[in-house]
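Engineer: Chains as they are written, first to last, in my numbering: chain R, 1 to 117; chain D, 1 to 151.
None of these hints come from the bench; they were simulated from the model. Keep in mind the model is a prediction, meaning the values are calculated, not measured.
DSSO-like mimics (lysine-lysine), calculated; alpha carbons at most 27 Å apart, straight line:
1) Lys79/R <-> Lys99/R
2) Lys74/D <-> Lys24/R
3) Lys74/D <-> Lys30/R
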Amino acid sequence: MPTHQRIDVSKVGDVTVVRFNDRKILDEAKIIEFGTELFGLVDLDNRKSILLNFDGVEFLSSAALGKLITLDRKVKSHKGRLKMSNIRREIYDVFQVTKLNKVFDIHDGEAEAISAF
Amino acid sequence: MAQNSSVHAANPSPDDVGAWRLAVHLPSERGASRIVTEGLLEQLGVHGWESSDVFSIHLAAEEAIVNAIVHGNKLDPHKQVYVECLVSPELVRVEITDEGAGFDPAQVPDCTSDERLDVPSGRGVMLMRTFMTRIEYNEKGNRVLMEKRKG
Chain R
1 MPTHQRIDVS KVGDVTVVRF NDRKILDEAK IIEFGTELFG LVDLDNRKSI
51 LLNFDGVEFL SSAALGKLIT LDRKVKSHKG RLKMSNIRRE IYDVFQVTKL
101 NKVFDIHDGE AEAISAF
Chain D
1 MAQNSSVHAA NPSPDDVGAW RLAVHLPSER GASRIVTEGL LEQLGVHGWE
51 SSDVFSIHLA AEEAIVNAIV HGNKLDPHKQ VYVECLVSPE LVRVEITDEG
101 AGFDPAQVPD CTSDERLDVP SGRGVMLMRT FMTRIEYNEK GNRVLMEKRK
151 G
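With the rest of the complex left out, here is chain R:
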């Protein structure tokens, strides 16, 4: 099992639940790690059902958005499913203005998201 610095990974049934260790996903060096660790869940661990729980995340930049888009594409190309939950209002606004709320499968809470897999 790889060691993660930026993310915390657990399992609920068949679903891999990812939480984030940083309140602000901002620092470019950390965003690179953030991407590497997320992509590893698909490329190395072959996980098919992934939920990103953004509880506690207050800020993310467009560079972090880019990693989420790449992750979404990887998951889809591996015939897996990616969902997101617990996104605070301001970050959801960013998803809305960039229309990424149409790309990502977003749910209010973790339990609701897990039951939707």
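Starting from the known structure of chain R, fit chain D onto it as the hints suggest.
Structural biologist: Coordinates of chain D only, in the frame set by chain R:
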């Protein structure tokens, strides 16, 4: 990282009594935006800005500074990014100048078009426009002025 940057707060003009000002040269290094955003965030709180506005201003400043360092100066260690900020209770102004060749913001493709929706980059300028009240580039395209007005 911050050792080569110069930071000073200028005296406020009579029109901006009580406003906080910052003028700083940043090195063209990843992460250098923190030199500006730490003080900016603190002063937004001091001047009574609400958390949703703080988020917007933080996002716009971060995107603009990263653009200047990465796309403008192309991380050239011989080039700097000059940032001026003003924070008052009603107005925030951030002006960012890089030493790059400039760009035409009108030529940045629409990141919300169907064919670009899943492209991982190219959202910074759009976010700056959306989350600030006013944004203007100089003709060369190496300087951006952004303002947020309360309310």
